[in-house]
Amino acid sequence: MQLNVNGVSRAVSSPPLTSLLEVLREELAVLSPKHGCEQGGCGACTVLVDGEPRRSCLLPLAAVGDARITTVEGLGAPGDLAPVQSAFHDRYAAQCGYCTSGMLLAAHALIERKGGPVDRDEVLDALSGHVCRCTGYVKIVEAVMAASRGQVGAEPIEQPLAPEPSQPEIEIAGSPA
Amino acid sequence: MGLSDSEILMPASGADAVRAFGDGRDVTVFAGGTILMPMIAYRRYPQRARTLMLGRAGLNQISADGNVAVGAMTTLAAIAGSGVEPLAAAARDVADPEIRAQATLGGNLCAPPSRQGPRGDLQAALLAARAEVRCAVAGRERIEPIDEFLAGLDAEPRLVLGVELERPRRAAYSSQRRPHAHSYAVMAVACAELADGVRVAAAGVAKRAVRLRSVERALADGAAAEQASAGALDGLEPQDDALASSWYRREVLPVLVRRAITQLGGG
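Residue numbers (my numbering), protein chains in the order written: chain A, 1 to 177; chain B, 178 to 444.
All clues stand as given, with none of them false.
Chain A regions said to be covered by chain B (calculated; three or more residues, Cβ under 8 Å):
#, stretch
1, 12-18
2, 33-46
3, 55-64
4, 119-128
These aren't lab readings, by the way, just hints derived from the structure by calculation.
Small disclaimer: the values here were computed from a predicted structure and weren't measured.
Yeah, the Cβ is synthetic: ideal placement off N, Cα and C, and Gly gets one too.
Produce the entire structure from the sequences given, and follow the hints as far as they go.
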């Protein structure tokens with residue numbers, strides 16, 4: 001059968017109950033969706049199916065049919081990133097990167113659906129099934145909110161202020177500082 | 178027999194699905210796939226000669242004019258947004274938006290308990306609302322009360338086509354979850370006020386959801402929430418499993434019952 005991945009029709013021959021995740025990674029070498037838990041619990045494999053975020057590990061090939069599949073490879077390109085990708089880059093919202101593709105796609109779908117600024121609770125709901133084991137959620141949530149407001153790229157990044165030292169730093173003899 | 182040897186059937190209508198299901202003896206019914214796909218990944222798929230995939234069979238309508246009818250392939254997301262309580266609250270309580278957009282009423286209803294704990298997040302709500310299950314066996318459609326459907330689920334395969342219920346006058350739902358979106362609720366209590374009184378049901382205290390008849394009787398006798406919830410454990414022996422101990426369930430069930438009754442405003 002043919003599978004529409006990132007706007008390109010690709011021939012696939014995996015058996016019908018093969019997960020979309022496995023078809024993408026093993027047969028088509030589209031590697032941004034990650035094998036995490038393989039039971040729908042982590043969100044690392046999330047792709048867009050006709051624009052809606054779905055766990056690719058839970059979708060059998062037979063159920064995909066002629067739906068449009070979008071992965072991070074189809075979201076943007078180096079030098080031409082989608083707003084949510086730019087915001088993740090600007091705001092250090094990726095650490096090890098394993099959850100990032102799923103987070104980006106779920107966030108992108110939320111922003112597209114809302115069509116304007118999203119609030120914190122909406123981000124938390126949309127990403128509630130996405131696990132970041134580096135626990136970098138603060139910057140991820142900030143990046144999604146910023147992307148929804150168009151605060152990407154040239155926008156100056158507001159750095160959180162360092163707390164004022166309440167007393168002079170104590171020099172320790174022999175320390176490399 | 179390998180997974181790829183199972184013949185895939187994709188009926189294009191409910192009637193086709195009933196025909197393809199036949200007596201159901203050699204059929205694995207595949208609805209949303211949120212339970213079966215992990216079973217494939219873990220080599221625990223209930224392999225049979227034929228796999229009946231219902232994704233294109235329709236069966237996904239909700240009608241709520243007067244009585245409520247919900248098709249088997251209606252997603253939990255659609256139920257969560259339907260305003261039909263206590264079903265909507267129970268559906269909202271499941272996992273995250275992506276899972277709710279794929280998981281179905283029929284799959285949830287037929288889900289066997291997992292190795293780790295109970296499944297079937299909607300069972301208590303359906304039981305409280307006195308839902309009836311429209312299903313098919315050997316080409317014949319029938320409708321049966323949800324209690325009977327659940328009790329007979331292991332003995333005779335049936336193809337669920339949908340559920341029907343009288344819209345409750347008032348309803349309430351209270352659950353105890355673990356913190357992560359994807360943990361099954363440890364326990365849930367649903368209440369529904371129907372024309373002939375309040376029904377109360379609990380999930381997570383037995384293999385499948387059960388009615389709490391002592392609580393119902395106490396409410397019918399005019400008991401307040403505190404007093405009515407004292408009988409929550411009558412006749413029940415909650416199990417130990419990976420989600421919680423029997424002791425914990427005994428402690429928490431009466432609290433959930435009290436909260437649900439209070440929420441109903443009838444306590």
